[in-house]
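Asks: Line by line, the protein sequences are chains A, B, C and D.
For our numbering, add 58 to where a residue sits in the first sequence, where the first one is 1.
For our numbering, add 58 to where a residue sits in the second sequence, where the first one is 1.
For our numbering, add 58 to where a residue sits in the third sequence, where the first one is 1.
For our numbering, add 58 to where a residue sits in the fourth sequence, where the first one is 1.
Hints listed in this document are in silico derivations from the structure and should not be mistaken for laboratory results.
In this text, all values refer to a predicted model and were calculated from it rather than measured experimentally.
Be a bit skeptical, because a hint or two may be false.
Note that identical chains are pooled: a pair holds if it fits in a single copy or bridges any two copies.
Pairs of lysine to aspartate or glutamate, EDC-like flavour, derived with a Cα cap of 20 Å [what the hints assert, rightly or not]: (1) K374 x D330; (2) K332 x E208; (3) K384 x E319; (4) K133 x E324; (5) K332 x D352; (6) K159 x E131; (7) K224 x E312; (8) K124 x E144; (9) K260 x E319; (10) K260 x D373; (11) K159 x E171; (12) K112 x E249; (13) K384 x D256; (14) K159 x E96.
Number of protein chains: 4
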Amino acid sequence: MSGNGFGHLFRFTTFGESHGPAIGCVVDGVPPMIDLEEADLQVYLDQRKPGTSKFTTQRREPDQVKILSGVFEGKTTGTSIGLLIENTDQRSKDYGDIKDKFRPGHADYTYWEKYGIRDYRGGGRSSARETAMRVAAGGIARKILDHLIEGGVQVRGALVQMGPHKINRDNWDWDQVGQNPFFCPDAKAAEDWAAYLDGVRKAGSSCGAVIEVQASGVPVGLGAPVYDKLDTDIARAMMSINAVKAVEIGNGFEAAALSGEENADEMRPGPDGKPEFSSNNAGGILGGISTGQDIVCRFAVKPTSSILTPRQTVDKDGNAAEILTKGRHDPCVGIRAVPVGEAMLACVLADHLMRHRAQCGF
Amino acid sequence: MSGNGFGHLFRFTTFGESHGPAIGCVVDGVPPMIDLEEADLQVYLDQRKPGTSKFTTQRREPDQVKILSGVFEGKTTGTSIGLLIENTDQRSKDYGDIKDKFRPGHADYTYWEKYGIRDYRGGGRSSARETAMRVAAGGIARKILDHLIEGGVQVRGALVQMGPHKINRDNWDWDQVGQNPFFCPDAKAAEDWAAYLDGVRKAGSSCGAVIEVQASGVPVGLGAPVYDKLDTDIARAMMSINAVKAVEIGNGFEAAALSGEENADEMRPGPDGKPEFSSNNAGGILGGISTGQDIVCRFAVKPTSSILTPRQTVDKDGNAAEILTKGRHDPCVGIRAVPVGEAMLACVLADHLMRHRAQCGF
Amino acid sequence: MSGNGFGHLFRFTTFGESHGPAIGCVVDGVPPMIDLEEADLQVYLDQRKPGTSKFTTQRREPDQVKILSGVFEGKTTGTSIGLLIENTDQRSKDYGDIKDKFRPGHADYTYWEKYGIRDYRGGGRSSARETAMRVAAGGIARKILDHLIEGGVQVRGALVQMGPHKINRDNWDWDQVGQNPFFCPDAKAAEDWAAYLDGVRKAGSSCGAVIEVQASGVPVGLGAPVYDKLDTDIARAMMSINAVKAVEIGNGFEAAALSGEENADEMRPGPDGKPEFSSNNAGGILGGISTGQDIVCRFAVKPTSSILTPRQTVDKDGNAAEILTKGRHDPCVGIRAVPVGEAMLACVLADHLMRHRAQCGF
Amino acid sequence: MSGNGFGHLFRFTTFGESHGPAIGCVVDGVPPMIDLEEADLQVYLDQRKPGTSKFTTQRREPDQVKILSGVFEGKTTGTSIGLLIENTDQRSKDYGDIKDKFRPGHADYTYWEKYGIRDYRGGGRSSARETAMRVAAGGIARKILDHLIEGGVQVRGALVQMGPHKINRDNWDWDQVGQNPFFCPDAKAAEDWAAYLDGVRKAGSSCGAVIEVQASGVPVGLGAPVYDKLDTDIARAMMSINAVKAVEIGNGFEAAALSGEENADEMRPGPDGKPEFSSNNAGGILGGISTGQDIVCRFAVKPTSSILTPRQTVDKDGNAAEILTKGRHDPCVGIRAVPVGEAMLACVLADHLMRHRAQCGF
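Please build the complete structure, drawing on both the sequences and the hints.
Replies: Structure, rendered in structure tokens:
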């Protein structure tokens, strides 16, 4: 397969560059007879869209998604769903400066070497603008999960670290996530971050972040060992997001420092016949298969590579050069990665739910 | 696709359980005219095989691999390569105790719920025994890399943390890796670990580990954005290994705490016309495509779930139970994950090398 | 994988219904640096588009294709290419009659039973309108073939049978194909067919056809045995076209009646070191791999199922009913299948060319 | 994907050459809890195995299949099933003559040109010996169909034409198929064929054949439009079999000569609420989706290319040469293609059944 698609049974394939006329995708494999309209997707796109606070890029994109196919009289038909978002606020002139130089930390150099050509306007295909389509596809995935699983699946995410500053997990309150511009579940941390990020922004600098995404209501049994484990596909999903450099499930790297006794999630009989777990170090996945507990995943986003401080680089002819990246950039791209991470988790779950139904029924 | 295969153009598909008659795999897509014999694979299998020190399971498996097809007169023919390893040291009686109970941290419960049946002998399909086939496939992948890339590619790995104990990276010496039973590049740490792990082992406990794998000589340009990025596939490859809970590339989670200035890998003109990078925070990958620098990846392995301390659990009928896992277990499964991590990285690189040649030539 | 995509390395994924706002596709895996503009694709779309003679549907669709991504400054960038064609001439009111009944020979009944819902307007997703995107993708495939193969590859097709009336192969003249509304290479047959089809059309009836597609200039060596043989993928490509019921390569069904002596394509040394074949019974493929001779394929298209004669059927409630299909229909859908067959052959060849380059280089 | 695997959810991947130590495959995606033992597969392998009459090759292969994994205590576990058949009767010395020459009609030349190397012993990987693994995989597919579909699915095949000699379809009697060495459903034709084929064999010549395979009991709704239609995958499945040059569904090529009125399969209310069809011109598939009628498919096998009459050819150095193929060959390879065609149809149906369950449930 070539690289612009994701998923097996629930599969979406995207196209589009930051400064082209439009971005879009085809979502394939959706079960029929699910209620679906554009507003169902728009709600998630609005969470990701730029320009909602001073802490994100000031590019103004309404990101209005259109459903072009696969839905008839308000219901999915089981055929492929075409989605389209027109780009409306491209200022290509911002990019004249970087046309011949490679921005450190960006994909400029590697695209150039791989393809011998690159659309330098706003990063072209390597732009995080592509993630809008993931969010739209994720909206459909959520509908599938809720359609097929009694009680539904809740997929949600939060920023748990900005730059070096972690939240205090004791303060975790999901209701806070919608109350601040950072998707932060800790009201106190959100306050501190506002000041911190304002400083970063004014300095023309940037910072990274860690995002946590969780899914509740996932039934036991999802995952296809041994190479398409549920956590394998989650790792892949998150690492495919722009600027992500690390992924962990449950305890993640911390697990390495624990003893077997500490790490074991003990079981005891639960009220409904299913076992209850005394802890969730595993992040809801054992042997690549969901346990019925919450799926817990974290991923790290590196600091935005577009900064105002000049950096050493080379140009297309191999000459030494300096570069600083003007334009409208997120000082912390990790913020807008929260809805993207949620969307990717929903897509993985929808895909695995159908794969499980295929092999094992339910 | 179903779950027992890995890779697109270079693809292997495995079968076999811990206590069945044999494990095996089919390796598909190998370029023709590469010298290949069993000894080329055996050298890596010998690194992974059990029973080489008191720090790994005492199961005695020679792990002799047979090439059943795809090689003619010492050269690959371009057709699929069948590999087989017979299981010779199964003691199924060790597993009578766990037949009806679910071991915490293991896949017992999830396999049972997913499939309604499980081969409880030694974990069946969920056993790390499966990784022997990855190591064999990885041996072929290395041959492909060396055949197609001038100067070859060096893929190597090391244990950089055992339990809570990290190496001192200033002591890093690749030559040390073969000098101790831990694949540890820091002679001093290896000494400390020997004492530490002996204690863990005698206590019937276990510990986790962090492994670092690196690839040198990888040309710029490998990776298929946006969903089959090189790091995406590396994340997937590592997370698919038994007991792995986290993966990071380059700075990984540390990147979140850096500023954009710190994290940027600056470039300057190099002696051969290619740019030189001042650092490698990116771990050799930008925008999902290799930069020509070393690929650097780390992953965390949780502590072995088989421990001698009794843990609470339930049985197949939902009754409360206690379990302790006797038998022959690795106190730190992370050790033997080093050659597995190397193999998986080699497989990803071989696959992407061919995918790159397909689209862009070279 | 779900069903709306075709190909491995050169892969396109389509969406859209006959009477929705637009149809479109994503073309993935295209090599970079190939000159491409909309006019390169429009030329083939114009061959397929309806309303060009009285022998095709009178629906008026300009079928103007837009390239939305993947091309920068006139050259492919190696990233996914989004294509869009707006539907401009939908008359949904034509379809009120068939809303609750199943048209024999159409997909009405099967879609209904599979999905529990169907877009009845013009056949919805099952409409041959979808083939416009195949033709567009085929246009890109041709560019790839010409870019990567010295001398280029010529893919062309012709109608060789209309209803029961076959051409006289002795009259074969490729230049005639563009001179009549049937893509017929035999001027005499074309004349006869005009009268014949006029009769069919006026009677409100329909007829089938046989199409032959050929590719010249294909190098020896394309094809991936044993399940992705070149002929395997050609068979799949042609059978996926609407209304196709049969496919054959070279001698096809005739081969069954020949002796081994008759069927063997003997070889002798050729002027350029490559062997010359005395015949091409194999249709240019041996053991699933191209021989360097012309690829020759034929496929049969059944008569258009939309006819004016009433047929017995049932409705959604299981009641007996009669149906006749008014509207604007091709009396012989096989005619417009010629450019579609060419396109699919080009797509298969482009895919296999890249797969061959991946494994074997060139 | 590389070429040695078939199927999406039910997927098998094969390896092995005619004269290597063994052939084998991995069958992936099998639902759990299905009764399975080697004898279930052996019954079909015995139908395909050589040496059962004077009309097939005298190579003596017991073709004893071993199940190496994926089955525990007589039931499938849902994990991958490894199958192995040892080659026991290789006479490689038979092939010294053809080592440097290319046999017309065989894959010798194309493999050589593609790979630069070939295992010339018995055709190596291009040998029809590989089809034994298809038959074994098909045996598992049948078990899946019977496990998941109430009443089961009956997949059966017959030879309907040998050389130029067709059966009389009025004489069709399925019970005859097991009564003669040709899988012929027409007792009279079988008698004639015996004399005919004896003449062919004694003359050192060969002939082709046409096989028909049918499946009864297939539920309505299987098939994934538009590129993974049920007939698309059947076409692919049959064309992938060695020596096959043509495939048709239902009326196939005959459909081209019919009028729309003749070709329409009318429907009327049936006794169980499902419609009854007045005919089955469609071969049980409309719009790529099964109708609930019998699936009907035919494919043509070319005459065996190994004949005793000398043919002109070239050698590896490009010199003119003559070749005749001694050894133990089937005068009509089409005969043993009957169980192979059945197996491939069963595999396609099992795959699509699971794909349908994934998307639409049942």
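Asks: Measure nothing new, just compare the shortest in-copy and cross-copy C-alpha distances for K260 and D373 to 20 Å and report within, between, both or neither.
Replies: neither (28 Å within a copy, 59 Å between copies)
Asks: When Cα atoms must be at most 20 Å apart, do K159 and E171 count as within-copy, between-copy, both, or neither?
Replies: Within one copy, since 13 Å is at most 20 Å while 44 Å is not.
Asks: Between K224 and E312, at a C-alpha cutoff of 20 Å, which is it: within one copy, between copies, both, or neither?
Replies: both (15 Å within a copy, 12 Å between copies)
Asks: Regarding K384 and E319, is the shortest C-alpha distance of 20 Å or less found within a copy, between copies, in both, or in neither?
Replies: Close across copies (14 Å), not inside one copy (52 Å); limit 20 Å.
Asks: What label fits K112 with E249 when the C-alpha limit is 20 Å: within, between, both, or neither?
Replies: within (14 Å within a copy, 53 Å between copies)
Asks: Within a copy, between copies, both or neither: which one fits K124 and E144 at a CA-CA cutoff of 20 Å?
Replies: both (9 Å within a copy, 13 Å between copies)
Asks: If the cutoff is 20 Å on CA atoms, where do K384 and D256 land: within, between, both or neither? Let me know, please.
Replies: within (17 Å within a copy, 57 Å between copies)
Asks: Can you give me the call for K159 and E131, within, between, both or neither, at a CA distance of at most 20 Å?
Replies: between (50 Å within a copy, 18 Å between copies)
Asks: Is it within, between, both, or neither for K332 and D352, if the alpha carbons may be no more than 20 Å apart?
Replies: within (14 Å within a copy, 44 Å between copies)
Asks: At most 20 Å between CA atoms: does that hold for K260 and E319 within a copy, between copies, both, or neither?
Replies: Between copies, since 14 Å is at most 20 Å while 48 Å is not.
Asks: Is it within, between, both or neither when you check K374 against D330 at 20 Å Cα-Cα?
Replies: between (65 Å within a copy, 14 Å between copies)
Asks: Have a look at K133 and E324 and pick one of within, between, both or neither, based on CA distance no larger than 20 Å.
Replies: For K133 and E324, the Cα distance exceeds 20 Å both inside one copy (43 Å) and across copies (29 Å).
Checked against the numbered hints listed earlier, the structure breaks hints 4, 10, 14; every other hint is satisfied.
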